Amino acid sequence: MPFPVECHVKAKIINNEKVKKKFDRAKINHKQQAKEKQDTGDSASEDVQDNLFVLNQMEREVTGSGVFIEWVFMFVIKSDDYRDCKRKAKRLMKRLKETQIYAVNPLADQLQLFYQCLHGNDLFINKYWLQRTTATGIAENLFGVSQSLGTKTGFYIGRIDKFIRSVSREEAVASSRDIILFSLLLAAKGIKGAVSDSPHVLIYWSNW
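Numbering-wise, the UniProt record's numbering puts 120 at position 120 of the sequence shown, and it's gapless, one number per residue.
FYI, nobody ran anything at the bench for these hints, they're computed from the structure. A few of these clues could be false.
Okay, derived cross-link-like pairs now, PhoX-like style, lysine-lysine, Cα gap no bigger than 25 Å in a straight line [unchecked claim]:
#, residue 1, residue 2
1, 31, 20
2, 97, 27
3, 21, 10
4, 20, 152
5, 10, 152
6, 86, 97
7, 35, 22
8, 127, 97
9, 22, 12
10, 31, 10
11, 31, 21
12, 18, 31
13, 22, 10
14, 35, 21
15, 127, 31
16, 162, 152
17, 88, 10
18, 35, 20
19, 127, 18
20, 20, 10
21, 12, 94
22, 78, 90
23, 10, 90
24, 10, 35
25, 10, 97
Cβ-Cβ distance ranges computed for the label pairs, FRET-style [what the hints assert, rightly or not]:
#, residue 1, residue 2, range
26, 17, 104, 26 to 36 Å
27, 32, 81, 48 to 58 Å
28, 170, 115, 50 to 60 Å
29, 84, 169, 51 to 61 Å
30, 140, 17, 21 to 31 Å
31, 123, 17, 37 to 47 Å
32, 166, 81, 48 to 58 Å
33, 174, 120, 36 to 46 Å
34, 173, 105, 10 to 20 Å
All values derive from a computational prediction rather than experimental measurement. Virtual Cβ for every residue (Gly too), placed ideally from N, Cα, C.
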């Protein structure tokens with residue numbers, strides 16, 4: 001985009017028992033709908049069958065070791081002019097739609113969402129803005145996440161390992177193009193409350 005766009009995510013882990021109760025109620029409703037269709041001689045709609053399949057899958061996650069997260073994802077656009085801000089919002093929504101991502105302009109909840117974005121505030125937004133997914137589900141939304149680590153200049157201390165399985169150190173190093181640099185000069189910048197400007201560095205070394 002030709003203007004800055006911020007992405008704010010607030011999330012919290014929710015108790016699996018709370019999620020299970022919601023699933024149980026939803027399953028009862030969908031099963032009742034399917035039964036009513038069968039009683040009238042009709043087959044259950046594809047949507048009802050799909051929803052029941054998803055609910056059964058998620059129920060297995062709940063009763064197993066799955067972790068469920070409640071979260072809200074917000075795009076933030078800033079401008080000194082109200083009309084300019086609206087124009088930018090429309091442009092962003094149009095661009096997202098081109099990639100099959102559908103965003104909503106929350107006109108009635110702007111103030112509530114503003115306070116929700118402030119650092120330190122708990123997740124208090126109303127249920128209509130909340131999403132509930134597994135930890136894997138929220139991870140799938142992290143498009144374009146940077147894999148940069150460390151600083152742009154400094155001492156070479158390692159590389160980013162992108163393998164999801166265990167491999168030898170030599171194989172991991174050979175396959176990675178992302179190096180990690182560490183600058184002591186940056187670490188030595190004055191920090192309020194610090195006793196001195198001398199960096200105290202702890203380096204943990206894993207021998208694999």
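Evaluated hints:
Annotation: proposed proximity of residue 31 to residue 20 holds, straight-line Cα distance about 16 Å (limit 25 Å). Of the supplied pair hints, the one linking residue 97 and residue 27 is violated, its CA atoms being roughly 31 Å apart against a limit of 25 Å. Only pairs whose Cα atoms come within 25 Å are accepted, and residue 21 paired with residue 10 is accepted, the gap being roughly 23 Å. As the CA atoms of residue 20 and residue 152 are separated by approximately 46 Å, the hinted pair breaks the 25 Å bound.
Under the criterion of a C-alpha separation no larger than 25 Å, the hint pairing residue 10 with residue 152 is inconsistent with the structure, at around 29 Å. A hinted pair counts as satisfied when its Cα atoms are at most 25 Å apart, and residue 86 with residue 97 qualifies at roughly 16 Å. The straight-line distance between the Cα atoms of residue 35 and residue 22 is roughly 20 Å, inside the 25 Å bound, and the hint therefore holds. The hinted pair formed by residue 127 and residue 97 meets the criterion: a straight-line CA distance of about 24 Å does not exceed 25 Å.
The suggested pairing of residue 22 with residue 12 holds, with an alpha-carbon distance near 17 Å, which does not exceed 25 Å. The suggested pairing of residue 31 with residue 10 is violated, with an alpha-carbon distance near 33 Å, which exceeds 25 Å. A hinted pair counts as satisfied when its Cα atoms are at most 25 Å apart, and residue 31 with residue 21 qualifies at roughly 15 Å. Restraint check for residue 18 and residue 31: satisfied, since their Cα atoms lie roughly 20 Å apart, inside the 25 Å limit.
Proximity of residue 22 to residue 10 is assessed by CA-CA distance (about 21 Å); at most 25 Å being required, the pair is judged to hold. Only pairs whose Cα atoms come within 25 Å are accepted, and residue 35 paired with residue 21 is accepted, the gap being roughly 21 Å. With a C-alpha separation of about 24 Å, the suggested pairing of residue 127 with residue 31 holds against the 25 Å cut-off. Between residue 162 and residue 152 the CA atoms are separated by roughly 19 Å; this keeps the pair inside 25 Å, and the hint holds.
For the suggested pair residue 88 and residue 10, the alpha carbons sit about 23 Å apart, so the restraint of at most 25 Å is met. A hinted pair counts as satisfied when its Cα atoms are at most 25 Å apart, and residue 35 with residue 20 qualifies at roughly 22 Å. For the given pair, residue 127 sits about 14 Å from residue 18 by alpha-carbon distance, which is consistent with the 25 Å threshold. Pair hint residue 20 plus residue 10 holds up; C-alpha atoms about 22 Å apart against a cutoff of 25 Å.
For a cut-off of 25 Å, the pair hint linking residue 12 to residue 94 is broken: about 30 Å separates their Cα positions. This hinted pair checks out: residue 78 and residue 90 have alpha carbons roughly 13 Å apart, not beyond 25 Å. Distance hint between residue 10 and residue 90 is fulfilled; the C-alpha atoms sit about 23 Å from each other, no more than 25 Å. Taking the CA atoms of residue 10 and residue 35, the gap is about 39 Å. The hint is violated against a cut of 25 Å.
Pair hint residue 10 plus residue 97 holds up; C-alpha atoms about 23 Å apart against a cutoff of 25 Å. Distance hint check: the CB atoms of residue 17 and residue 104 are about 31 Å apart, consistent with the given range 26 to 36 Å. A hinted range of 48 to 58 Å for the beta carbons of residue 32 and residue 81 is consistent with their spacing of about 52 Å. At roughly 51 Å, the beta carbons of residue 170 and residue 115 sit within the given window of 50 to 60 Å.
Between residue 84 and residue 169 the Cβ separation comes to about 52 Å, which falls inside the hinted range of 51 to 61 Å. Between residue 140 and residue 17 the beta carbons are some 25 Å apart, a value that agrees with the proposed interval 21 to 31 Å. Range check, residue 123 to residue 17: about 19 Å between beta-carbon atoms, so the 37 to 47 Å window is missed. Between residue 166 and residue 81 the CB atoms are about 54 Å apart, so this pair conforms to the stated range of 48 to 58 Å.
Our hint of 36 to 46 Å for residue 174 and residue 120 holds, since their Cβ atoms are close to 44 Å apart. Checked against the hint of 10 to 20 Å, the pair residue 173 and residue 105 fails, with Cβ atoms roughly 47 Å apart.
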